[in-house]
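Below, each chain spelled out in residue letters.
There are 2 protein chains.
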Amino acid sequence: MQPFLVMDILEAANAMGTPVIHLEVGEPDFDTPECIQEAAIKAMQSGRTHYTHSLGIPELREAIARHYHATYGVRVDPEQVLVTAGSSPALLIAFGVLLDAGSEIIMTDPYYACYPNFATFIDACPRLIPTRGDGFQLDPDKVKIAMNERTRAVLVNSPGNPTGVCLDPEHMRGLSELGLPIISDEIYHGLVYEGEQHTMLEFTDNTIVVGGFSKAYAMTGWRLGWAVFPKDLIRAAQKMQQNLIICAPAPAQWAGVSALTEAGPDVERMRLVFAQRREIMLDALAASGLQVEVRPNGAFYVLVNMEDVTDDSYRLAFDILKNTGVGVTPGKDFGPATGRYIRFSYANSEDNIREGVRRVGEYIGKLR
Amino acid sequence: MQPFLVMDILEAANAMGTPVIHLEVGEPDFDTPECIQEAAIKAMQSGRTHYTHSLGIPELREAIARHYHATYGVRVDPEQVLVTAGSSPALLIAFGVLLDAGSEIIMTDPYYACYPNFATFIDACPRLIPTRGDGFQLDPDKVKIAMNERTRAVLVNSPGNPTGVCLDPEHMRGLSELGLPIISDEIYHGLVYEGEQHTMLEFTDNTIVVGGFSKAYAMTGWRLGWAVFPKDLIRAAQKMQQNLIICAPAPAQWAGVSALTEAGPDVERMRLVFAQRREIMLDALAASGLQVEVRPNGAFYVLVNMEDVTDDSYRLAFDILKNTGVGVTPGKDFGPATGRYIRFSYANSEDNIREGVRRVGEYIGKLR
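Protein sequence lines correspond, in order, to chains A and B. Position 215 of the first sequence, counting from 1, maps to 215 under the working numbering, and the rest follow consecutively. Position 25 of the second sequence, counting from 1, maps to 25 under the working numbering, and the rest follow consecutively.
No lab work stands behind these hints, which were simulated from the structure alone.
Note that the list lumps identical chains together, so a pair holds whenever it fits in one copy or between two copies.
Below, in silico cross-link-like pairs of lysine-lysine (DSBU-like), each with a Cα-Cα straight-line distance of 35 Å or less:
hint	residue 1	residue 2
1	LYS322	LYS366
2	LYS239	LYS144
3	LYS322	LYS239
4	LYS231	LYS144
Let the sequences and hints guide you as you build the complete structure.
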């Protein structure tokens, strides 16, 4: 199993002894909204500290089902919803339900660093389709060519990490027509700044949609996520949850109910801040001569091609850190296609974004 | 993957519409002690709602290391400690680190229901050693005979679920001398009522010791556990955690620090209540003609052999529920060796224990 290279950068940054501007981070810098915290405190104080139903408390599963109808107009039965301890265990269970040893799952290159490891953990095999030449869009025709008798699923992530790009609805439709189950990681939903966001559930029922509270609700440390399963798979998913995880944290589940029913204004406030920061980062990158090939419209990441100055983004990220005091993420973490890219995160203050990008731009300018 | 049969009983119990005495439950009926809740609330309110270090916050890892020295006199380096979202993910990672597809792990029959499923999830194979004839003790000589070139580990659980029995120190020593890595599930430590409790770390460093807060600290719903790894395995374990789980819930981790440093008197108070209930249950079973073959000295379970009235404990558990209004767990959940046993839990009030056992005894008497 591969480690996160960005963790090495982070450790080196922390060991420097001088202040570092962290543009490598993958989580909101906001604290969890107060109404959500209050719901968790109330739950604790009223003794809701015991195991819950393995699928999650009914109140939260119903709120999640309503959320899909209110946000996308799709009908989800609360009985299809599995509440998990973060979206990572949801992905583990989705992989576990669809794949077995020797089978394959199709995914993009670049990919969120953990995806291939979920597959290899259960001796399945990730099959990568490079998307660099397609504006980081997964082309259904290319999936069709990559499919074989061992293929069990295709995995998409929109808005994507590390690309910040949303999958086009036309591509979503095309993928949904291939007849393959689709694992759709929608953890960055709620953080879309241009155009409409779409769930895979609008296009097909043959999908496991993974969502969660970490990003849009600033709840990374609570470990609360979910997955919507097709009705014929939820029982298998539940059995895996019972065995491997038991249930999601109980106070966090009550916090999740509040997040979906009360925290709308907080989520919108944070989204607008991210939207503003995105503009600032894109402007700062352009002003610094750092090229963004595909304009990101979601999440809080921007990929920059650095192939004119490096053939190894891991080494470059260390050089940037040492020479500028700015932490960035090597594109190598996300697959071969972005081995010469750097990922910038705008989950930081406007001042830090401006100053961090300025310093990196100046340093890269010297390397050219 | 096998479901928990006890869940079917629980659902049937909840669907009955009449009050049921729950002697099937596997969690303390106590609320989490107040000092622990307060620490979680303080953590939330001071913004500790973000991702933590993947191994866990240093304060908790240090407290866990100190706990091993204070309780058992063994030295554990905080660098060996992985904090997880409950002891179940700790087991998943322990299995993942030691086993691969096609390899084997030796475990007792009876076993905690999930153990074989952790193995099969990664295409490894559980190899069962029946312990019914050995007082539910795992005999090192029998392990030796069962070992082959595919064996990667042996798994023990003391105090054990469903047996309530602690592994003898002589057997622990014997197992430690076999040269196999030992996964030692010590989740019920802190709930021992006769004799001394021993950690496998007293006998060997070639062990992954799994512990947690759920049982002794009444924290089932918090999802907080840990594992102590040998120094040469902690990095592999950390990578699995980063990929599959990311980190344990942040507020719960601060609650865990309080549990280990402040909740000692609460834990002892609850332990004494369980000790008293154990006496009451054993007396009630004896008075009702229900035979306990091996006197349990830990956890909160008692196994009763019902082979004179049934060859199917699943069916018997339903019959007991319908005829007496008492929920019990079919021994079938825990392997073939206890397929004709019933597990009683004394994580309930003294009155419920007395009345529940009386009713079951009366019903079984009629079947004889």
